[in-house]
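A.B. asks: Sequence order for the protein chains is A and B.
So in my numbering, spot 321 of the first sequence is number 321, and the numbers just go up one at a time.
All you need for my numbering is the position in the second sequence, starting with 1, plus 1000.
One should not assume that every hint holds.
[To be verified] Computed spacing ranges between beta-carbons, pair by pair:
#	chain 1	residue 1	chain 2	residue 2	range
1	B	Lys1246	A	Asp200	51 to 59 Å
2	B	Ala1022	A	Asp153	51 to 59 Å
3	B	Glu1402	A	Glu189	45 to 53 Å
[As the list claims (entries may be wrong)] Partner residues aside, some chain A positions facing chain B, computed with beta carbon under 10 Å:
#	residue
4	Thr4
5	Ser105
6	Gly414
7	Tyr432
8	Tyr434
No lab work stands behind these hints: they were computed from the structure.
By construction, the Cβ of each residue, glycine as well, lies at the ideal position given by its N, Cα and C atoms.
Here is how the chains run, residue by residue.
Protein chains: 2
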Amino acid sequence: MQQTKILLDENEIPTHWYNVVADMPNPPAPPLGPDGQPVGPDALAAIFPAALIEQEVSAERWIPIPEEVRQAYTLWRPSPLFRAHRLEQALGTPARIYYKYEGVSPAGSHKPNTAVAQAWYNRQAGIHRLTTETGAGQWGSSLALAGQMFGLDVRVYMVRVSYEQKPFRRSMMHTWGAEVLPSPSDQTEAGRKILAEHPDSPGSLGIAISEAVEEAASRDDTNYSLGSVLNHVLLHQTVIGQEAKKQFEKIGDYPDVVYAPCGGGSNFGGVAFPFFADKAAGREVRLVAVEPSSCPTLTKGRYTYDYGDAIGMTPLLLMYTLGHDFMPPGIHAGGLRYHGDSALVSQLYHEGLIEARAVPQLATFEAGVQFARAEGIIPAPESNHAIRAVIDDALACKDTGEPWVLFFNLSGHGHFDMAAYDKYFAGELEDYEYPEAAIEEALAHLPKVAAPA
Amino acid sequence: MQQTKILLDENEIPTHWYNVVADMPNPPAPPLGPDGQPVGPDALAAIFPAALIEQEVSAERWIPIPEEVRQAYTLWRPSPLFRAHRLEQALGTPARIYYKYEGVSPAGSHKPNTAVAQAWYNRQAGIHRLTTETGAGQWGSSLALAGQMFGLDVRVYMVRVSYEQKPFRRSMMHTWGAEVLPSPSDQTEAGRKILAEHPDSPGSLGIAISEAVEEAASRDDTNYSLGSVLNHVLLHQTVIGQEAKKQFEKIGDYPDVVYAPCGGGSNFGGVAFPFFADKAAGREVRLVAVEPSSCPTLTKGRYTYDYGDAIGMTPLLLMYTLGHDFMPPGIHAGGLRYHGDSALVSQLYHEGLIEARAVPQLATFEAGVQFARAEGIIPAPESNHAIRAVIDDALACKDTGEPWVLFFNLSGHGHFDMAAYDKYFAGELEDYEYPEAAIEEALAHLPKVAAPA
């Protein structure tokens, strides 16, 4: 038999998270306050526990994973690495295709990797309640699960369009005991402000972040938890890439190219950063972030300081951005509808150390269906972005005869996205135009701070 | 760290299926034709390939698994065995609780274990098209997947109430390329007959079987595939119990009680039969089939010859039955809404070698939510039946102080059943009365054949 899955034992779950900052050629630019001055850790203490703030600013290469968090990881980790024999055969490519499957977590995506860590650190700090935002619901359900595991109450502000389109992610959060509100809501100043201007607002991740942050900042018993973008979030996700490296080692193979969908960056950072460590040490490996062409942050955005949320509640981050009030089209990859990107991912891209590629919606669903028919697993729409890029490159290998090793993170399953697949089959999905005018307008609203050196 | 998952390598996927007939004290009673005479293999050749008919009547203890089927199994097998540390802790029980998790298959349940085998044998026999029925959609989606893997077209007759309540299982079948029709349909004599009498019929598994069998019997290029009940289906599922035994061996533990939900019997047979082999050899182990109290086939049905379908197209099987035209209440565990049961499971129960227990719907959802909050995974409503029984017994252990080892098959996840969880949380689910009058009426329609010796 051909080996399909490369597995690890639970005792091979990484003992440390890998901090890419230690291997970056330049230190990350600090977040700035509204006054244009660097924000110190103290300013974040209203919404984050000290341990996570330390991780946010750390330059240490290895950060130990608490035993309780590793124990929580055993519910689904290590995740399997698959060799996509059947997809290779269907494509007739000489490429070897591998994917790490994060859909094995109870929430069905990679998001619980950081959710359980954040819940645990908050609980250690005496916090009993968390607020957060969610787009497609992958992050909200992950934090609901993690809150349940460590005894914290969780309130989720869910982007309204997803709240309505994806009722079953909401049910999942209820099953794990969380409270879910559609955002914009009337529970916060931020939400009320948006609703006053746009009563029918479909919401966005940026707006939902504003609401969750506002509530956490105003209550002593409540902290805020973010599912992507921040350094400590990407840090927690590096268990994915670390496990993958061990798995490749077991079979004596190694990727030429690593792909992941990229919205806020935690999926991409989680799988790619541990390979970046090899690249920094001289090994040849390409790292490709794949984003929607309708929300093309890295490929069409500006590298500058901008808010992480829609309203301007958060510190300014130096990142690729489409403007904090850019409203992305309602594509079905809700997790990729974000105006900005991780500062770490942005800096690596700005310095030419990683690549980015934008792909249109229809082509991603075509790739997802082709994948499902070959490999069985029905992927999340976010994951379909990476699959599109991999299939394109595997077909290019067919032309050139190059036996490249292509590896991607299959970040989640699509069980809660079947309505989008229905629309695809019914011919009702569209490829949005590149929203140039909306991006230009949003970029005109960038905060006025000194450009980075 | 405490070990959570006990894993096996792909080369530990069983090489043979285990045939319980070899260890039963008495040979199974033969299926009968409408004339009351035993049906020979030839009568089945219109809808099944010869290899599966051989398996259906075989008394060999071990049947080799074709390499291509084992290769297909590698997409998700071996499935993990979990120790439910967190559930044990939540219950405060001295019992050790384990579960085998079959939700890791692409279709999300144990059903692909037989679907890929059946698709492969049909393809080997030159068949290019399969029909089948499905209730909740777990079986239909599994056969859609298997058909796609081995290049067969698949048409699924889906019980109408599920077709309407569970559109996303339908989408899943479309994604894997199958055609799906609501049953009763106007495509068959059987469907037209039911619709003429009951234009608003919600359908049932029995009706859908009639339709699928009728179409397969009337077309040379088309065979029929059944997701449960028959001996060869239960045979294929024994990979579950065989793997579980190896996994228990690795950790030096062994169950006192094995539980599985029981509708047509493939889930129960798959996990319990390999343990029955040990029991037949003198080892103490209890085997408990758990069924809905609103469709209490084993616990309230009659042990007699009856049709496998609603109309009377199939041979007569000696089994526990509520009457082939019994219409089970619309409970959310669609996979358990079947009037009959596997002949093998029925015989073992009749001879006092296994146990059966009936549990009401609300209590199963309560158990499922408790399980999800402790262990993460959100179970299918069918699986919640086993969980209810396990939790009841684990709580009994708390009273007695007995450290029993309780093991169940978590046959699938509930990602396509969240609407049922929503109803549970909204207080809209009901416990149906034991449908005594309906069962009495259906039992009055039993075919007139000689009672078994």
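A.B. asks: With reference to the structure, classify each hint as holding or not holding.
C.D. replies: Here's how the hints hold up against the structure:
For the pair Lys1246 of chain B and Asp200 of chain A, the beta carbons lie near 58 Å from each other, so the given range of 51 to 59 Å is met. Distance hint for Ala1022 of chain B and Asp153 of chain A: a CB-CB separation of about 55 Å, consistent with the stated range 51 to 59 Å. Checking the proposed 45 to 53 Å range against Glu1402 of chain B and Glu189 of chain A shows it is violated: the Cβ atoms sit about 57 Å from each other. A least Cβ separation of about 4 Å between Thr4 of chain A and chain B falls short of the 10 Å threshold, and the interface hint therefore holds.
Annotation: Ser105 of chain A was flagged as interfacial toward chain B, and the flag holds, the nearest CB pair being 8 Å apart, inside 10 Å. Checking Gly414 of chain A against chain B: minimum C-beta separation of about 8 Å stays under 10 Å; hint holds. The criterion of a C-beta within 10 Å of any C-beta in chain B is not met by Tyr432 of chain A, whose closest approach is roughly 22 Å, and the hint is violated. Because the smallest distance between the Cβ of Tyr434 of chain A and any Cβ of chain B comes to about 28 Å, over 10 Å, the interface hint for this residue is violated.
Hints 3, 7, 8 from the list above are not met by this structure, while the remaining hints are.
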